[in-house]
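Enquirer: Spelled out from the first residue to the last, the chains are:
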Amino acid sequence: METGFLRLIGALLFARLDGGVLLDVAPPPAVLAGIGGFLLAGLCVLVIVIGVVAFFVIRAVRKNRVAKENATKDTAPQEPRGNS
Amino acid sequence: MSRKNLLSNIVAYSVAHALVDGACSATLFAIIASGRNDLQNLVQFVLIYDIIAFSTQPIFGLMVDALKAPAQIAAVGIMLVVASILMIKVPLLAVVIAGIGNAIFHVGGGFVSLNLARGKATLPGIYVAPGALGLTIGIMIGKSGGFVAWPFILLLLVSAILILGLPKPEFPAQRRLPGNLRWFETVIMLLLVSVVIRGLVGQSLVLPWKSDPALLLALTMAVVLGKALGGILADRFGWSLVALSGLTLSAFLLTFFAPDPALAITGTFLFNLSMPVTLACLADMLPGKSGFAFGLTALALIVGALPAFTPFHTLTGGAGFIFAAILVSIAALYGGLRLYNGHFRERGPVLRQGTRAEKNERS
Chain A
4 METGFLRLIG ALLFARLDGG VLLDVAPPPA VLAGIGGFLL AGLCVLVIVI
54 GVVAFFVIRA VRKNRVAKEN ATKDTAPQEP RGNS
Chain B
924 MSRKNLLSNI VAYSVAHALV DGACSATLFA IIASGRNDLQ NLVQFVLIYD
974 IIAFSTQPIF GLMVDALKAP AQIAAVGIML VVASILMIKV PLLAVVIAGI
1024 GNAIFHVGGG FVSLNLARGK ATLPGIYVAP GALGLTIGIM IGKSGGFVAW
1074 PFILLLLVSA ILILGLPKPE FPAQRRLPGN LRWFETVIML LLVSVVIRGL
1124 VGQSLVLPWK SDPALLLALT MAVVLGKALG GILADRFGWS LVALSGLTLS
1174 AFLLTFFAPD PALAITGTFL FNLSMPVTLA CLADMLPGKS GFAFGLTALA
1224 LIVGALPAFT PFHTLTGGAG FIFAAILVSI AALYGGLRLY NGHFRERGPV
1274 LRQGTRAEKN ERS
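Residue numbers (the working numbering), protein chains in the order written: chain A, 4 to 87; chain B, 924 to 1286.
Check before you lean on any hint, since a few could be wrong.
[Claimed, not checked] Cβ-to-Cβ under 10 angstroms is the rule here; a few derived chain A residues that face chain B:
no.: 1; residue: Leu43
no.: 2; residue: Cys47
no.: 3; residue: Leu49
no.: 4; residue: Ile53
no.: 5; residue: Gly54
no.: 6; residue: Val56
no.: 7; residue: Phe58
no.: 8; residue: Ile61
Simulated from the structure, these hints should not be mistaken for lab results.
Just so it is clear, CB atoms sit at the ideal spot from N, CA and C, and this is done for glycine as well.
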């Protein structure tokens, strides 16, 4: 059996011991396609998760800036107010 | 920072960039050329590598921003690439480690290039440019079946030692982001849309003459020169002028003249002029987060490139689609740069050193 990546995973899932001997069972093509699809979906989920993390980091950068600005306003010397 | 130190840093990181990309692609294609993996696995490996190498960069970028030790982090990335070459007999592991190593190196070098001269597009452009050359040469070596590990390992180790021995760059103090934060996310989003489309067009463009090695090399040099000169020209003549005029001309050349190598290569050169501008502008929008900003552009590139790996590639490869996509990219970049110039660009002494850039941006 070829040691291709999908086939390897398929074999790991489908191989079984028969009287102590590991049988080399080729997984059905549908299973290979399923594993491939699952892998692709997993990679896409990774991209989405990192995208969401990036979004929150950008929000945090903005909030941090607003907080700093407010702190600067609070500590800035106030102009003397006249009576007018 | 002295000019000599600046030059030694940018040259070392740029050469290492070409080596890292070359080693990763040579390893990947050597695995495929070994014949142990069928076509379906080939696509899987390329996808796994690309997604890991590109999409994880924002996370590693945050790490670089926090640790502020880009040289050490870049060296770790190089060592992981060396490890991946040594693990070539275990293809999946080699591909995953190459992807992680590549991502870590990129953000380390990206952090340095963006901070050596803050608010400038020249150095990020020069740093990113050689990657395309390394990639093409690596693919050629890997595909030829003549991949030999030790020269790559030796060169990578030397580059890691050189980077660790470089004079430590003095990074400028973190700037305060001026302007109205109302447009903060809008600017970032528009810049990223422009990068997504660059990834999409770059991956979808069908150039039938690319199989000729000489023309492929010429195309690669157009990418390299476009990115390297893009930053230099943009800092001299204005970011908007160079990036937008380059994209506009490339829209016509890449859409209507793709079968003509000379015109398509010119179009590719012009198309890549905007890359350093989007990168430098994004980094300027996120002060103190240069590594993260660099990673964001990589994430945007892979988001754009993903449709080319799906059945949608028949749609995205069409001339009409390419033309419309570049037009959207122009509109996004125009909007992003206009808002950036109006609300966020620093008007301090850093940018008032007699360059024409600011005058052009203001006019």
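Enquirer: Run every hint past the structure and note whether it holds.
Expert: Do the hints match the structure? See the list:
| no. | hint | result |
| --- | --- | --- |
| 1 | Leu43 | 7 angstroms, holds |
| 2 | Cys47 | 7 angstroms, holds |
| 3 | Leu49 | 6 angstroms, holds |
| 4 | Ile53 | 5 angstroms, holds |
| 5 | Gly54 | 7 angstroms, holds |
| 6 | Val56 | 7 angstroms, holds |
| 7 | Phe58 | 9 angstroms, holds |
| 8 | Ile61 | 6 angstroms, holds |
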